[in-house]
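Numbering (the numbering used here), first residue to last: -18 to 113.
Keep in mind the hints are simulated off the structure, nothing from the lab.
Take these hints with a grain of salt, some might be off.
[Unchecked claim] List of simulated lysine to aspartate or glutamate pairs, EDC-like, C-alpha gap at most 20 Å:
no. : residue 1 : residue 2
1   : K(-17)    : E27
2   : K(-17)    : E39
3   : K91       : D7
4   : K41       : D54
5   : K(-17)    : D54
6   : K21       : E62
7   : K21       : D74
8   : K21       : E73
9   : K41       : E62
[As the list claims (entries may be wrong)] Here are the computed distance ranges between Cβ atoms for each label pair:
no. : residue 1 : residue 2 : range
10  : A24       : M(-13)    : 18 to 28 Å
11  : G1        : A108      : 16 to 26 Å
12  : D30       : Q80       : 16 to 26 Å
13  : G49       : N19       : 33 to 43 Å
All C-beta atoms in this analysis are idealised placements derived from N, C-alpha and C, irrespective of residue type, glycine included.
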Amino acid sequence: MKYMLMMHAPKEGWTTAGIGTWPPQDIQAHIAFMLDFNRKLQASGEFVDAQGLAGPEEAKSVRARKDGTPDTDGPFAESKEFLAGFWILDVEDSARAYQIAAQISAAPGKGGVPLNMPIEIRQVMSAPPAEL
């Protein structure tokens, strides 16, 4: 079963306490943790993809105008959290996805303290629900 694990980060304090304000050794430790974790998922055959995303100051929402041209909005100062990155995993069941999410949540932050960030989990649907 495929699952998307989405790492959410609090927007409040991002510019004053976010990863960009950490000492270089803490940033390196965090990135090393993520790369090592991804290597372990690749070795287990559970890894499909993972990506870090640009900061919320670059986020835009786009919808089509009546004439089909793009209408953009953003960035969104009022949001409380933003999507910092994601994983697509192919695991045996939801229990395994939860276990992996808990490990990702505990990634080291400033001073090596676990971040305990919320990780949202959603099953990736391979087809529309049977009821349709």
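How the hints compare with the structure:
1. K(-17) / E27: Given pair K(-17), E27 holds - Cα atoms ~9 Å apart, limit 20 Å.
2. K(-17) / E39: 28 Å, violated
3. K91 / D7: The hint holds at about 6 Å.
4. K41 / D54: Given that 20 Å is the threshold and the Cα spacing comes to 6 Å, the pair holds.
5. K(-17) / D54: Cα-Cα ~31 Å, so violated.
6. K21 / E62: Violated: K21 and E62 sit about 28 Å apart, past 20 Å.
7. K21 / D74: Between K21 and D74 the Cα gap is close to 18 Å, so the pair holds against 20 Å.
8. K21 / E73: 16 Å, holds
9. K41 / E62: Satisfied, since the Cα-Cα distance of roughly 14 Å is no more than 20 Å.
10. A24 / M(-13): 18 to 28 Å: 23 Å, holds
11. G1 / A108: 16 to 26 Å: The hint (16 to 26 Å, Cβ to Cβ) is violated, given that G1 and A108 are roughly 41 Å apart.
12. D30 / Q80: 16 to 26 Å: At 19 Å between Cβs, range holds.
13. G49 / N19: 33 to 43 Å: 39 Å, holds
When held up to the earlier numbered hints, the structure conflicts with 2, 5, 6, 11 and fits the remainder.
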